[in-house]
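Protein sequence lines, in the order shown, are assigned to chains A and B.
Reading the first sequence from the start, the letters are residues 1 to 75 in my numbering.
Reading the second sequence from the start, the letters are residues 1001 to 1575 in my numbering.
Since the hints were derived computationally from the structure, they do not count as laboratory data.
Errors might be hidden in some of the hints.
[As the list claims (entries may be wrong)] Beyond 12 Å from chain A on every Cβ pair, some chain B residues (computed):
{"no.": "1", "residue": "A1039"}
{"no.": "2", "residue": "V1142"}
{"no.": "3", "residue": "I1192"}
{"no.": "4", "residue": "L1286"}
[Claimed, not checked] To spell it out: a stretch of chain A is covered by chain B in this simulated footprint if at least three of its residues, at any positions, have a beta carbon under 8 Å from a beta carbon of chain B; those stretches are:
{"no.": "5", "stretch": "15-21"}
{"no.": "6", "stretch": "36-49"}
By construction, the Cβ of each residue, glycine as well, lies at the ideal position given by its N, Cα and C atoms.
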Amino acid sequence: MAKRDEETAELSIWFFCGILMLAYGLVLVVTGITEIGHPPATVLAELQPTLCWGVVLTVFGAFYTIRFRPKHKWF
Amino acid sequence: MQVLAVVAMTGGQLTKLAPVDILILMLYFVLVVFIGFYAKGKANTSEDFFLAGREMTAWIAGLSFVSANLGSLELMGWAGAAYQYGILATHWYWIGAIPAMLFLGIVMMPFYYISKTHSVPGYLQLRFGEGARATSAVSFAVMTILMSGVNMYAMALVMKTVLGWNISFSIWIGAATVALYVMLGGLRSAIINEVLQFVLIWAGAAMIPILGLIEAGGWTNLKAQIAVNVGSSDYTHLWTTLGNFRDNPMGVHWTGIVFGLGFVISFGYWTTDFLVVQRVLSANNLRAAKMAPVIGAAFKMAVPLIVIVPGLLALSVLKNPDGSVMHLVGEDVARATGQHSYNEVLPLMLIRYCGPGLMGLGITALVAGFMSGMAGNVSAFSTVWTYDLYGAFINKKASDSHYVAMGRWSTVIGMLVSIGSAYLVMNAAGIMDYVQALFSFFIAPLFGTVILGMLWKRATHAGGFAGLLAGTVASIGMFAWVHSSPAALRYVAMSDAAKPMAENMYRALWSWVVCVVVTVVVSMMTKPVPMEQLAGLVYGVTPIPHDGSKTIWEKPIFWAVVVIVVFFILNLLFW
């Protein structure tokens, strides 16, 4: 097997999952907040599903992003 | 057939994306391309490129393993099947997957892993010689390329139906993105994206059952509403209606479900289809290789929540503008009347509950599922082409870097051929049925050959090859018989009340039986393989190394028992 570049830190698969979910969570939270006064024409929109799901994804994404963040120099 | 029926969706554009939805989709594309470039730096050797360096943990290999079978074709097709046939569709996720996945992990994985084979055709070569490898490799390579093209066309057609996108635009954007990240990072890139897709699918689809069950008033109320709307309680029972072909909407019998689906089709697919087995071969040690399918099985049991439940919910909550119950119809009727078809269940439920943002997440999950399906097929094709065809028959003594370059080029060429097959399918939709049927021709006999090869020392090279060939010919023969004369189904399924869904199950069962009988008979008539050649390949002459687990919590068999107990409890709960 070829020798790995010691300076290149491993980016965990879970880190990729974390940052994507964190980004999506934040987008949904912002969208959900803007919908509070103007709910979309969907069933059960009064339960604020976009905002609630945004919070869930933000917490999930933040946990995985922090827990699996790269600890060395990237490139 | 359910799966491929998705691509026949018709009708007008269902919805359109808001700017926030496009932002969510763009974020996904940016990340997958970044992952491709990131993984390129770690794909220097053939082991890196084709088997992700055999560095994957049990969790990653396990999620990738289950995700490789969780494409959007499956999601949309089985949600439609749940609407059409009720909870019986769950059998494809439980008895049609869980026992086979556990069997792969506990019984078969040690042989695949310690033989250090790079592929399933590679194992066949070690056990049965070049003939069996060539037959298996050629059929697999052709099928993966065709399936990649079907995925491509299906994604384009769903995007056209749901969002009004141009078909060629979707095909080329999807293909270019997948080709880029698989060519750069090989299997590692495909695995990272499959794990990402698994998380995305849950993030994008979980709101449908959650909000749907709230709207329906819980599971008990949902069952009552379905019974009223369809006039039968058969749609919410897994087993009670399977005593007779006539008693259930699918027209199947429990013997077909247990032996045809639960044994032959399921074991054939999950233990010998290289597309899924390749993910487990990337595990970083024997314990991880045994645990990966067990972890995959645990997650697989949860998938009906986002696939089957939305289909059942649609039977209860979907209404016409006048408040009457909406009835979805088959593709032919939908095309003629402009109604929605069964296969539009998932998009319809997405539109029902998801506003801007959530809609983008759901659409991104579907796109990710389609692209992951293409990537899985094309990365498996690239491996089988390079190792089992090019490296075995064309250029046996090239350098390792040459094989990596061949892997990259075969990815690009494979994707171009897939694009060609996508356009072929677009112009001749009937081909899709045959593509799926072709897969089923090989899977059941292949399982017979591999399982006898692993468990029976006396199986010979000639026996294995003859059994594989005879089983495949028997499967093709039964398919041609039933398609040229539909009345023949009563003989294949052993009942005049059998419906087309039963055909696949019994055809698989008989072709497996033919394969096993021919393998046994020919093996007994030919010279046994010397024992020293079977070491590392066959049960009984192979010392299985300890997998390194110390405590009971680390033992794959313990977790396999936990999963199988939960599997039985779930079946009893929904009996």
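*L1286/B: least C-beta distance to chain A exceeds 12 Å?*
holds, 18 Å
*asked:* A cut-off of 12 Å on Cβ-Cβ distance, and I1192/B was said to be off the interface with chain A. Does that hold?
replied: violated, 5 Å
_Using C-beta distances, would you say chain B covers the stretch 36-49 of chain A, given that this needs three or more residues below 8 Å?_
holds (count 9)
*Once the closest CB in chain A is found, is it more than 12 Å from V1142/B?*
holds, 31 Å
*Counting residues of the stretch 15-21 of chain A whose CB is closer than 8 Å to a CB in chain B, do you get three or more?*
holds (count 5)
_Checking a non-interface call: every C-beta of chain A should be farther than 12 Å from the C-beta of A1039/B. Is that right?_
Violated, because the least Cβ-Cβ distance between A1039/B and chain A comes to about 9 Å, which does not exceed 12 Å.
Hints 1, 3 from the earlier list are contradicted by this structure; the remaining hints agree with it.
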